[in-house]
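Q: When you get a sec, could you build the whole thing from the sequences and use the hints?
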Amino acid sequence: MRSRKEMEGQMSEMSGKHAIRVFTLNCWGIPYVSKDKNSRMSAIAKHLLISNLDLVCLQEVWSKKDFLFLSRKCHSQLPYSHYFNSFVTGSGLCVLSKHPIVDVYFHQWPINGYAHKIHQGDWFGGKGIGLCKIQINNLLVNLYTAHLHAEYSSENAAYLSHRLLQAFDTSQFVKLTSGDCDIAILAGDLNTEPHDLAIKILNQNAHLVDSFYAAQEKSPTCIGTNESSRNSYSPAKELKRQPGGKRIDYILYKKSRKFDVEVEQYQFPLPDRVPGCSFSYSDHEAIEVKLNCIPVVGSSAVTSDMPDAELHSTLEQAIEVCNDSLQKLKTSQRTYISLAVVFALFLFVSLFVELFFNISQDFGVSYTLTVISFNILKTTITLAFTFFMMMGILWCRSERSAILTGKFSMMLILKRLRKP
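Numbering (the UniProt record's numbering), first residue to last: 1 to 420.
Read the hints as simulated data drawn from the structure, not as lab findings.
Misleading hints may appear alongside valid ones.
With a Cα cut of at most 27 Å, we get these calculated DSS-like pairs of lysine-lysine [unchecked claim]:
1. K37 x K17
2. K73 x K133
3. K133 x K258
4. K246 x K218
5. K246 x K35
6. K46 x K175
7. K415 x K175
8. K46 x K65
9. K65 x K17
Computed spacing ranges between beta-carbons, pair by pair [to be verified]:
10. S229 x L369: 48 to 58 Å
11. L68 x E310: 37 to 47 Å
12. Q108 x S313: 27 to 37 Å
13. L49 x S338: 51 to 61 Å
Bear in mind the structure is a predicted one, so any value in this text is a computation, not a measurement.
C-beta: ideal position from N, C-alpha, C; glycine also.
A: Rendered as structure tokens:
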């Protein structure tokens, strides 16, 4: 006997309306670091298996083993899957689908944090935006998933320009690749709050609509998707500051000339704790939306609810952030070069000591310890010199080029908007 949801879906198709259930979750799946990872992955797989979803976007699935586990466990309900491999550790992004995935592409962002900040790991993931083209009966869906650079500290805007440029790059990618699809959906952890510039760029430049605001039905408690009081992993410090948490996970959509979209439901589909356990499914909340794709009768052009004046203002602010970042980068480059020069002088002095001071070899153990200590010091100085030289000459230039690429693209759009 068919379920009520299946019968509703068939009736929708007969009327020409397509109902699509979309799910997204940052799984917090860092091997050996994330708490209760294996138990949580099992619980996530169990939920996906019984939820009658059409499209699933997951972030921070850093282990290929976890992806294979999820795709195998959910195969009966979500038989199509794809993992976006990238750089050293992989992007952490994957898609599970009830419907055929007909094409895929991954676009890596040119700016992705810092290689020397190993504990953060954004650079090693080679983050970017993944695209799966999915055929749902006669509907072609562009499903995008992304995980923007983490904030790490609400009081530190060190990565603001990185996140902003990633958002702009994503908006351009969606805008330039969604022309042939019937509906575009972007789901993921965007690490940006609704009032931030990054989400405004996605809304205004790519004409992506936030399903949270468009939903006909949603619970008033479904707001904070990270560090909220309903999550067992939320830091106590953040709960005191903002008990409701932050809304940084999104499902955005874009209609087309052939199909309009209405958001019937927006919800947190997971309970606050894994059943029978004292912990949550992740340190983020999952989001699920039901989108109704309705055929447009006759010819209709896509119209944006966002006036050009809003995009104009947003891009001007974004360019200011880029300029500020370029100025700070120039200061950082000078600092790195200066430190490289200092360590080069230390290295020269150490070589001078080694060449011109005759250290007697009659000290036995004392002499050996002196030589070992001297070699360790010299190696440390050499490594420091190499690091600061690489940062000053190669890394800063690379980051500058990435910032300028985004800035010049923004300026080009501004120039077009200013034309009468």
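Q: Using the beta carbons of L68 and E310, state whether their distance is inside 37 to 47 Å or not.
A: Roughly 44 Å apart at Cβ, these two residues keep to the hinted range, so it holds.
Q: Taking only the CA atoms, is the gap from K46 to K65 under or equal to 27 Å?
A: Holds: K46 and K65 sit about 17 Å apart, inside 27 Å.
Q: Mind checking the alpha carbons of K37 and K17 for me, to see if they're no more than 27 Å apart?
A: violated (39 Å)
Q: Next pair to validate is K415 with K175; report whether the Cα-Cα distance is within 27 Å.
A: holds (18 Å)
Q: Could you check the hint for me, namely that Q108 and S313 are 27 to 37 Å apart, CB to CB?
A: Once the Cβ atoms are compared, 29 Å apart, the range 27 to 37 Å for S313 and Q108 holds.
Q: Check whether the Cα positions of K246 and K35 lie no farther apart than 27 Å.
A: OK: K246 and K35 at ~21 Å, within 27 Å.
Q: Regarding L49 and S338, is the given constraint of 51 to 61 Å on their beta-carbon distance met?
A: holds (58 Å)
Q: Check the hint pairing K73 with K133 against an upper bound of 27 Å on the C-alpha distance.
A: holds (23 Å)
Q: Between K133 and K258, is the straight-line Cα distance small enough, at 27 Å or below?
A: Roughly 17 Å separates the two Cα atoms, so the pair holds.
Q: Would you check the hint for K46 and K175, treating anything up to 27 Å between C-alpha atoms as holding?
A: With a Cα-Cα distance of about 35 Å, the restraint between K46 and K175 is violated, given a limit of 27 Å.
Q: In this structure, is the beta-carbon distance linking S229 and L369 contained in 48 to 58 Å?
A: The hinted range 48 to 58 Å holds for S229 and L369, with Cβ atoms some 57 Å apart.
Q: Does K65 pair with K17 here, judged by a C-alpha cut-off of 27 Å?
A: violated (38 Å)
Hint compliance for this structure: hints 1, 6, 9 are broken, all remaining hints hold.
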